[in-house]
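Visitor: I would like the entire structure built from these sequences, with the hints used as guidance.
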Amino acid sequence: MTSSDNVHAHEIHKFGSQAARWWDPDGEFKTLHAVNPLRLQYIQRHASLSGQKVVDVGCGGGILSEALARQGADTLGIDLAEELLDIADLHGLESGVQVGYRKISVEALAAEQPGCFDLVTCMEMLEHVPNPESVVRACATLVKPGGVVFFSTLNKTLKAYLLAIVAAEYVLRMIPKGTHEYDTFIPPAQLGTYARHAGLELQGMAGIGYNPLTRGFFLCDDVSINYLAVFRKPQ
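Just so you know, the sequence shown maps onto residues 9 to 243 in my numbering.
Don't read these hints as lab results, they were simulated from the structure. Warning: the hint list may mix true and false statements.
Ranges between beta-carbon positions, derived for each pair [said to hold, decoys possible]:
# : residue 1 : residue 2 : range
1 : Arg29     : His205    : 32 to 40 Å
2 : Gly59     : Pro220    : 35 to 43 Å
3 : Arg78     : Arg204    : 28 to 36 Å
Taking lysine-lysine and the DSS-like style, the derived pairs with C-alpha atoms no more than 25 Å apart in a straight line are [said to hold, decoys possible]:
#  : residue 1 : residue 2
4  : Lys111    : Lys152
5  : Lys152    : Lys61
6  : Lys38     : Lys22
7  : Lys38     : Lys185
8  : Lys185    : Lys167
9  : Lys61     : Lys111
10 : Lys38     : Lys167
11 : Lys111    : Lys22
12 : Lys164    : Lys22
Only a predicted model underlies this, so the values are computations on that prediction, with no experimental measurement involved. Just so you know, even glycine gets a beta-carbon here, dropped at the ideal spot from N, CA and C.
Guide: And the structure:
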């Protein structure tokens, strides 16, 4: 990392230090495993993956990256946590799923490969960086004209604070304590503004709901907590 990277060093350390547990479906990151099929389902609603060149920004240990590659996408995962990339590489060797991984910021990759990707995904990352608008702008630079960009993040509502932090981190212990900070949550309108400034056009949004009885997640119209958004770069 350099001083110019759009990153909180403590966030890199926080997630990197837990890399060894990233692929445990019953461990601290079980929620990532549980919602990943929904992310993939939402992506496939709006885009074909087979034969497409895709970059997964903030890929972590590669959970979504591998899922994209399994659907036939030529996938590159990027992150700044070296420990997570090592785990991603190792799991790829074990699973046989071919994904390329690089330790590089999205801004640096955008300067290096503008307009080179059919599809860009950036899931649960915007709320973990100092300048989320810079990430949105870089994602818009990376995608080809006519291509699509997917984001997922957390809405800045009282409901999101109570459920995504108080309940998920401290009561139900669905995710590690300290994963999120409410001040960094991003309302959909704010994300939309970032995207418009970057030349992207909103195509749709969906929420991710949770049923405490079945302990299952589902896509819904309620974007008051976690939400996904898809944007297209005009031709």
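Visitor: Take the hints in turn and mark each one as holding or not.
Guide: Hints, one by one, checked against the model:
no.: 1; hint: Arg29 with His205: 32 to 40 Å; result: 37 Å, holds
no.: 2; hint: Gly59 with Pro220: 35 to 43 Å; result: 40 Å, holds
no.: 3; hint: Arg78 with Arg204: 28 to 36 Å; result: 33 Å, holds
no.: 4; hint: Lys111 with Lys152; result: 22 Å, holds
no.: 5; hint: Lys152 with Lys61; result: 10 Å, holds
no.: 6; hint: Lys38 with Lys22; result: 17 Å, holds
no.: 7; hint: Lys38 with Lys185; result: 14 Å, holds
no.: 8; hint: Lys185 with Lys167; result: 18 Å, holds
no.: 9; hint: Lys61 with Lys111; result: 18 Å, holds
no.: 10; hint: Lys38 with Lys167; result: 22 Å, holds
no.: 11; hint: Lys111 with Lys22; result: 17 Å, holds
no.: 12; hint: Lys164 with Lys22; result: 22 Å, holds
When each numbered hint is compared with the structure, no violation occurs for any of them.
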